[in-house]
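**Student:** Chains as they are written, first to last, in numbering that gives the first Met the number 0: chain A, 0 to 330; chain B, 0 to 325.
Calculated directly from the structure, the hints in this document are not laboratory data.
Be careful, since some hints might not be right.
[Stated by the list, open to error] Interface residues of chain A toward chain B, partial, derived using beta-carbon atoms under 7 angstroms:
1. A118
2. V126
3. M136
4. I245
5. A285
A virtual CB, placed ideally from N, CA and C, is assigned to each residue, including glycine.
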Amino acid sequence: MNRHHVIAGISAPDRRLMAAGGLIALGLFALPLFGSALVVDKLTLLMVYIILAVMWNLLAGYAGLVSVGQQAFIGLGGYFVLRLVESGMPPFLAIGLGGFLVLLAAWPLSWLVLRLKPAEFAVAMWVLAETIRSIVMFDPLVQGETGRSLVSLNAIDPDVRRTTIYLMAVVAVVVSLVLSHALLRGRLGGESQAIRDDEEAASSVGVSTLRVKRWIFLISAVGCAIAGTIWLASAITFQPRSAFGINWSIFMLFMVLVGGLGSYLGPVLGALLFFALQEVFGDFGAWYLAGIGVVAILFALFAPRGIMGLIIGKTGQEPLSMRKLLIMREG
Amino acid sequence: MFDGVLQALLQGGLLGGYYAIIAAGLSLMVGVVRFINLAHGDMAVLGAMVTITLTEVGGVPVLWSIMIMLPAMALMGWVMHATLFQRAMRGGFLLPILVTIGLGAALQNGMFGLWGSNTRSLGASIGELSWASWILPGGIILGKLPVLIFVTAVVVIGALHLMLKKTKLGRAIRATASDPEAAEMCGVSSRQAHRAAAAIAVTLAALAGVFLAMRGQVTPYSGPAQLIFAFEAVVIGGIGSLGGTLIGGMVLGVSQSLGGLISPQGSLLAGHLVFVSVLIWRLSRDWARDHGGWRASLAISAIKLRRRLTGGAPAPDRAPSSKGAA
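Throw the hints in and build the complete structure from the sequences for me.
**Tutor:** The structure is reproduced here in structure tokens:
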């Protein structure tokens, strides 16, 4: 009799959840057929939030890299699209290519920042975001603080434009969810969680911590850039101060922290909740943002694993968990 | 041209005094508590706002406002550490970042809610000090306020240094910084030392905020930029070194004012670029040290590159003695 361990496959309830997710995605694709322009615009914003939350969670929840400078890639993605469109490229092609250019920019940066200590990494990313913003503001096209509009997008019929951007956003959400699921279920997921839980132990059993961190850093940079380009396409105007604003980081942190750091579904929940809060309380302006800060502090101190953590505490298991479960087989 | 550069060097160096004060608080927290407070800049702005309100609304003379505000901010730092930071630090490195960035958002927007978006300044309340200056031979203008700020920075950092070296509290703080557990065994309460360090850090931030409001204007959203300057000064000067913050602040100030000569937007960019260069230099130095010195590590890189280019050819006969040196 030979006993050995295997990693458990995807459980039946998880399969049902994934099927439900697929149905929701199909529904979202069909929505422009009957949804009003306002609904489509709002949902585009929600999609942008979901992408950002998923990407920030990849970094912080799975690789243990807390960045308060992901706005560097959001803004840079937007800037590249602006530049490409101004040089005559069709806008929707530019949105895709913008993400690729950010990958080229993020690669040398990763060499620098991933060697820092965790807390230094957080602030250094912020300083880099400010540095990139200062450089972008030198471009005469951006005109310093003034910014510039994607004029050529205005030439497209508004309904076609809105629907196209929305569909791109839905595709981007589906891709980022499917891709991060595949990554986290695979080797990279196991390695990254090992690093997050104990970096020294992980490297002592042969995990190349720098390689794993770099992969996740680059994926997250591209994801943020694509979210940034979609946001720019729907907002039309590129302003350095808002595109590179620290508010993006606060929003990402809030969504992931409240939804559930280091869980697969947590950021999606967090994005939905944040979107709802913004719809209800957004008119309160500064006080609303102050409230977001206070809620983030309370969650960090009293429920650091967020709503997902509370659900796990109740039911005893995490839906769509990325943890590796070893089961013993005989034979 | 030459006069312009000389003037910029002088002004930048003096501006470094302001950066040193705000950076000293951050450096103390990083060095002693191993904690980066991302709301450090917002504390500075809060200090400025409270002082401005006391002076303008309460009619209290500026100096008295500062004297009232500083102990209040020290108390706030102490309480904040006892309630928020200490709890956050138990959750590893992640929670402190999350808590303090949340705190920053709450402070900025709370101040906006209370005081509105108008830019505010202490310039009008300090009379001729805000514009008075000495004229040096060669037509170089030396503002009295920047000199006052710089002298204060030197005094504050000197006093902090003496306090850390000579007093009981200073010894407790240093002991906690080097080994909290050993310090506890010798009867030093690391909690008290951490709280004291937080109180000092917030006081320094608030003092810097007052100077910021005297030199120019503040808005509720000025904080993040101040944190970034402070962090840059700390990194340029060497993390955890108090004297380094003065040097780091001056280097930052000089690079900003020289950058400002090139273009108005060049000022911030020059500071950022100096920071990034120092970071690159320091990281590559550490990398070289871990690989047996510059020569050995460059040789290893060259061999690796050659192997990759030639498609994994066998290593050359005579590999450099990298392992022996490391």
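**Student:** Are there hints from earlier that the structure breaks, and if so, what are their numbers?
**Tutor:** Result: no hint breaks.
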